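Participant: With the hints as constraints, model all of the structure from the sequences given.
4 protein chains.
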Amino acid sequence: MTYAFRPHVPELTMASGPCSIYPQVLAAMGTQMVHHRTDDFVNLMRSVSDDLSALFRTTTRVLPVEGESILGLEMAAYNLVEPGDVCINLASGYYGAGYAKVLRGYGGDVVDVAVPYNTSVTIEQVRAVLDAHPDAKVLAFVHSETPSASENPMEAICRECHERGVLTIVDSVSGVGGSDVRFDEWGVDVCVTGPQKCLGSTPGMSLVAVSDRAWERARRVIAETGRYERSYLCLLPWRSWVERDYVPYTPPISSIYGLKAALDIVMSEGVDAVIARHATAARATRAGIRAMGLDLWVDDEANMANSVTAVAVPDGIDDTVLRGLMDDRYGLHISGGLGEEAGRLVRIGHMGYTASLQKVLTALGAFGSALNELGHPVDLTAGLEAAAGAAAK
Amino acid sequence: MTYAFRPHVPELTMASGPCSIYPQVLAAMGTQMVHHRTDDFVNLMRSVSDDLSALFRTTTRVLPVEGESILGLEMAAYNLVEPGDVCINLASGYYGAGYAKVLRGYGGDVVDVAVPYNTSVTIEQVRAVLDAHPDAKVLAFVHSETPSASENPMEAICRECHERGVLTIVDSVSGVGGSDVRFDEWGVDVCVTGPQKCLGSTPGMSLVAVSDRAWERARRVIAETGRYERSYLCLLPWRSWVERDYVPYTPPISSIYGLKAALDIVMSEGVDAVIARHATAARATRAGIRAMGLDLWVDDEANMANSVTAVAVPDGIDDTVLRGLMDDRYGLHISGGLGEEAGRLVRIGHMGYTASLQKVLTALGAFGSALNELGHPVDLTAGLEAAAGAAAK
Amino acid sequence: MTYAFRPHVPELTMASGPCSIYPQVLAAMGTQMVHHRTDDFVNLMRSVSDDLSALFRTTTRVLPVEGESILGLEMAAYNLVEPGDVCINLASGYYGAGYAKVLRGYGGDVVDVAVPYNTSVTIEQVRAVLDAHPDAKVLAFVHSETPSASENPMEAICRECHERGVLTIVDSVSGVGGSDVRFDEWGVDVCVTGPQKCLGSTPGMSLVAVSDRAWERARRVIAETGRYERSYLCLLPWRSWVERDYVPYTPPISSIYGLKAALDIVMSEGVDAVIARHATAARATRAGIRAMGLDLWVDDEANMANSVTAVAVPDGIDDTVLRGLMDDRYGLHISGGLGEEAGRLVRIGHMGYTASLQKVLTALGAFGSALNELGHPVDLTAGLEAAAGAAAK
Amino acid sequence: MTYAFRPHVPELTMASGPCSIYPQVLAAMGTQMVHHRTDDFVNLMRSVSDDLSALFRTTTRVLPVEGESILGLEMAAYNLVEPGDVCINLASGYYGAGYAKVLRGYGGDVVDVAVPYNTSVTIEQVRAVLDAHPDAKVLAFVHSETPSASENPMEAICRECHERGVLTIVDSVSGVGGSDVRFDEWGVDVCVTGPQKCLGSTPGMSLVAVSDRAWERARRVIAETGRYERSYLCLLPWRSWVERDYVPYTPPISSIYGLKAALDIVMSEGVDAVIARHATAARATRAGIRAMGLDLWVDDEANMANSVTAVAVPDGIDDTVLRGLMDDRYGLHISGGLGEEAGRLVRIGHMGYTASLQKVLTALGAFGSALNELGHPVDLTAGLEAAAGAAAK
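Chains as they are written, first to last, in UniProt numbering: chain A, 1 to 393; chain B, 1 to 393; chain C, 1 to 393; chain D, 1 to 393.
Everything labelled a hint here was simulated from the structure, so no lab data went into it.
No copy labels: a pair is met if it fits in one copy or bridges any two.
In silico DMTMM-like links for lysine to aspartate or glutamate, alpha-carbon gap of 20 Å or less: (1) Lys101 x Glu229; (2) Lys393 x Glu373; (3) Lys101 x Asp112; (4) Lys393 x Asp327; (5) Lys137 x Glu163; (6) Lys137 x Glu160; (7) Lys393 x Asp328.
In this text, all values refer to a predicted model and were calculated from it rather than measured experimentally.
Facilitator: If you want it as structure tokens, here you go:
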């Protein structure tokens with residue numbers, strides 16, 4: 001039994017996701033195979049399903065789709081969007097902007113609502129665009145925009161759309177489990193999350209909640225467009241899971257073990273408590289960053305995400321050098337910015353396992369020390385005190 | 001740290017796949033996250049890539065697609081089949097028969113070549129259908145038909161098609177790693193396998209080899225059909241991986257760890273040796289089954305798979321009772337038949353970790369004992385002796 | 001993170017102990033450190049303690065001594081034997097015979113009761129020696145003699161000694177958890193077991209039950225002999241654990257995790273059920289061996305151990321060749337004989353994780369196949385049928 | 001497969017030892033059993049042995065004794081001390097003071113050299129006591145005194161004793177692997193360490209290096225005193241390991257796996273580099289503590305240990321409250337003082353896995369934050385800057 005190759009693993013990862021995950025999840029991943037067509041495995045899946053429904057606060061079943069999160073989001077378009085459908089797409093960041101392509105890919109007549117990437121869309125902007133496009137069929141947006149560490153007002157947007165009969169497609173990959181999501185109460189239609197962000201498990205799945213309205217639309221869209229109804233992108237094969245506990249594909253067994261271990265943590269700690277822990281970690285990080293004299297990237301506290309914090313790179317600092325120093329000397333991996341934000345911001349993830357005061361203090365201490373070392377002195381005393389103080393609230 | 005739920009894990013799984021997997025793979029799955037945009041992870045991926053190329057015996061890169069194996073197979077149709085294309089589909093089992101729907105789903109004009117599910121397609125049949133359809137663009141078949149434990153003559157079929165300029169789509173999910181596959185030499189165009197069969201890792205990925213011809217066709221098909229070129233089903237986003245080591249999606253990190261551990265075993269044992277081990281396990285199982293006076297499902301030794309053996313359920317035995325007894329008293333999970341074969345056959349998997357003489361003897365001993373117990377006496381002495389003898393050859 | 005060295009691990013170990021252990025135990029061993037002076041760890045130790053008391057069926061605390069089992073046995077002599085004390089030592093095997101040296105090492109005036117190593121001491125022999133030595137202070141014996149796979153009648157011996165006021169020292173290293181042990185009811189004084197046999201955990205500890213009488217004697221012996229009262233061999237430092245939950249040394253934290261996981265299995269399955277499982281595995285093994293026409297080493301069914309079975313090596317077979325073949329071709333490691341029995345017997349362990357019908361069939365199948373291969377044909381049909389039949393009773 | 005009980009594991013343990021250990025070690029602990037009488041296991045043990053010799057910088061074999069570290073230290077007295085032997089015992093802390101009892105327990109005529117527990121013994125004091133007792137046979141001392149975080153000048157003391165023919169017994173449980181130890185060059189006679197401190201593995205073993213002089217003395221002492229020569233405390237049974245690779249007891253197999261994984265880290269990083277990493281972590285911790293305006297417990301930088309740092313509890317702070325706050329809010333477990341130092345100091349371990357700048361910053365950040373919270377403001381900016389600066393040197 002010889003390992004010819006093992007990756008170098010950083011001491012701690014607090015990046016845009018995945019971050020370092022729960023040890024309980026890692027332990028669960030090592031469980032031997034249980035064949036997916038046994039009662040034992042089906043019972044495990046049912047239990048995962050119950051936990052996911054509790055997490056999304058829905059009575060529907062959340063689909064455990066295997067593939068990266070973008071798969072679940074593309075499924076939404078494949079099943080809900082017919083050529084010519086007016087689709088409103090809110091773009092407050094890279095992922096939001098990118099989704100317009102998916103909608104267009106399925107023939108959507110896309111109305112873009114774009115705001116700068118350091119702020120969020122307001123409910124007033126949403127109402128205005130809905131007023132201007134009373135024929136809109138679908139509105140899509142990103143709940144938690146990981147690339148810019150911002151959050152859109154999911155509740156207000158979804159309630160507004162629901163009232164108007166516009167279906168919502170919500171990318172909450174880094175939202176669910178870290179921020180409040182009430183699928184049924186808010187009238188959400190499709191909401192996608194991943195196990196590798198706030199749940200603290202491993203990447204490779206797309207967890208997709210689908211409302212009854214969305215199921216209905218899917219049936220019609222597939223029939224009318226003639227899209228392949230057994231496609232990996234089609235929701236319909238998943239009816240067998242919803243209706244009779246039959247997962248349509250060989251499930252990713254080990255990932256299910258990890259997900260279950262993560263959900264056990266969430267259920268035993270409580271969904272509200274886990275969300276509060278993320279909010280606390282975010283508040284502490286922001287307080288610390290500010291008290292250290294640094295600037296947050298997002299314009300307003302109310303628009304900031306619970307799972308990740310974006311910090312403006314101070315003038316005179318090269319973010320590549322900064323992050324390299326953090327990797328090499330401080331054993332802490334964080335993320336840079338994407339696209340136009342490359343070089344302008346760094347992102348510190350506090351999600352799942354890393355959503356803890358200790359991890360936040362570690363990140364602030366290492367980050368501030370690295371800045372000091374690079375000739376940009378910061379007030380660590382104020383930073384750590386502010387973080388601990390914010391966490392105590 | 002509390003586990004509220006853990007599945008009951010059988011002592012041993014020798015089913016249609018996944019079977020019990022290598023302990024080294026299970027250990028590797030517990031490795032902490034390395035962020036996918038780090039050099040460490042990219043180096044790991046490169047190493048996985050080199051191993052996969054060696055396994056498929058190709059100089060091209062095998063794509064580590066995340067999602068069940070059917071995803072990789074559907075990608076083949078999405079990228080290679082235009083509406084109206086004549087597509088030959090060989091159906092010697094459930095999976096083969098099912099693929100006709102995928103081809104039709106993408107507009108293929110499908111020519112079915114069907115044979116009974118207990119035999120294989122012959123090269124003569126293939127030549128005949130190719131002669132009859134000189135305009136065929138694509139020929140698809142299953143290399144190793146897990147549901148009926150049979151194998152089609154991949155080398156002859158692929159060489160024939162390659163000469164005639166017909167692209168091949170090969171489902172070798174339970175073939176690669178257990179039977180010989182020479183992607184470049186045989187002129188294969190798309191070949192899909194999964195980590196959860198002969199590689200002895202965990203399900204959740206589709207490993208897709210693509211020839212230069214297939215890449216070329218894909219570019220044209222996507223352009224001409226207007227199919228969404230950033231779809232999860234589209235091959236083109238994977239060019240970034242092929243050309244500049246950039247995986248287009250967040251990879252399933254833990255599954256990659258498991259796959260690497262499995263490939264380490266294959267590389268250290270040697271590809272030929274691993275295939276020989278599968279062949280030996282299959283030969284031993286068959287010899288044992290026959291010597292116990294039982295019937296194999298597949299008509300001819302030459303058509304039998306290396307990864308799984310199908311045994312005809314003896315008259316008077318209820319396969320549900322038989323398999324339940326094996327689960328409950330013998331701690332060994334095996335599979336039944338699918339569809340029309342339900343109740344008529346049981347399937348014993350000997351793949352990856354379970355492709356060993358010990359595991360085969362365990363399976364034969366438990367299977368024979370269960371039959372004895374159910375009133376169908378078998379000659380275990382002859383069975384085990386024949387198995388051990390066949391393995392010694 | 002690179003492993004420069006990993007051992008080759010056999011597919012299955014069914015030796016004299018340790019054998020292959022429970023996967024749950026292996027998983028638990030990977031838990032991160034909890035400092036031993038925290039409430040969390042003390043609570044874990046208390047829970048282990050409760051389980052051990054339930055296992056030994058005693059209201060006293062079983063001491064979790066760290067060191068090999070021989071340590072616990074030497075502690076018995078250090079604390080209970082004064083120079084000149086008449087000590088009866090029953091020797092029905094290597095371990096029993098060897099203990100005379102320990103008793104003499106502490107000044108004991110040893111009366112040896114020796115029987116051939118393929119049988120057990122009878123209660124009549126014990127009564128006779130007790131009658132002949134009314135001044136005996138201590139009687140020592142091995143409950144389950146692993147080297148010869150035999151068992152002495154622990155209940156009768158301990159009850160007899162208890163009535164006469166003779167303290168008993170019982171080596172039940174491979175007995176507790178596999179055979180019935182009722183520490184309080186039978187009036188045992190010191191009973192030692194290890195986690196690596198019937199409990200299916202990892203070696204490195206000596207689990208020592210001590211009666212009130214033994215504690216009393218220990219206090220007197222230590223005081224009168226002037227033996228170092230803080231020695232690692234002295235029981236007295238362990239009073240802090242008994243009286244106030246304070247383990248006197250840094251405990252072997254990982255081994256405690258493994259032990260707890262093993263005890264969880266025992267408690268959840270039930271002590272009686274686990275013992276019955278061992279008895280079944282032993283019965284099945286013996287029935288199979290006999291039906292294969294082979295000879296058991298121990299003279300009488302009533303004297304055979306539940307945790308291991310000794311088989312006489314057939315004439316003309318070299319046990320080294322036989323065991324080497326089993327290692328190399330069948331992936332199953334079993335043990336040979338010790339001392340004079342080297343070459344004359346092989347031992348198959350069925351303890352803890354390997355005490356299952358499946359593992360017994362695997363062992364019989366591989367063992368019989370290896371014998372066949374070496375030119376000593378055996379009736380596997382009869383063997384496996386007898387084993388399965390014996391298990392069904 | 002259900003865990004009824006799992007301990008709560010703190011996010012991070014930086015206590016007096018064990019601290020949080022290397023993930024590689026945790027992973028290795030989950031390896032299935034390899035029987036100790038197989039070539040595979042013996043080869044593993046030989047490899048462990050080679051690594052241990054390299055670590056202690058000796059050509060002799062270091063004994064892998066199973067049991068807590070105090071066992072190895074008691075073995076030294078059992079084997080080297082005859083009744084009436086003049087034994088010099090240096091006491092600069094709890095462990096050193098306690099060893100006088102062990103020496104007396106074996107009849108030693110002990111000469112105590114005591115210094116306050118916040119300083120170290122000087123070589124001048126050692127010379128003076130050696131001059132005053134030219135008949136001394138043995139000199140014992142603690143290299144790294146974990147309870148007070150101090151270090152005695154091992155090289156000077158051992159060289160001096162070696163020249164005078166006085167045998168040295170060195171408790172370097174928290175020294176080896178963190179501070180320089182050159183067993184052969186310095187003429188040390190017995191040196192004991194444990195896997196659970198600077199090696200970053202799990203507790204449960206005593207690693208004992210023995211010089212030729214010590215082996216010679218042991219043979220004579222055992223013969224002359226009539227001590228039981230097969231005792232668990234006797235060195236002589238270990239000759240079988242030294243001379244012919246035969247471990248005299250069933251080894252703690254899983255602990256050996258963990259130890260090997262830890263030694264792989266040491267060997268691949270290099271012994272000097274690992275020691276330098278400990279020195280750096282210690283220097284950084286001390287610089288940070290001082291810059292935060294707090295007092296170190298030990299009188300002089302030169303006397304401070306590499307593996308742990310003792311901090312004087314500031315006036316007005318209750319150490320129980322402080323450590324409880326760190327446990328509960330900061331997820332970091334550290335140790336308090338022992339005996340008279342209880343309440344007066346806290347101890348932060350930086351050993352093995354926790355000997356890293358990141359972990360030191362985490363500890364300083366959490367510790368300072370907790371003090372702030374309790375109304376004792378500290379200068380974290382200065383503290384973290386000083387720590388990072390000291391590490392950069």
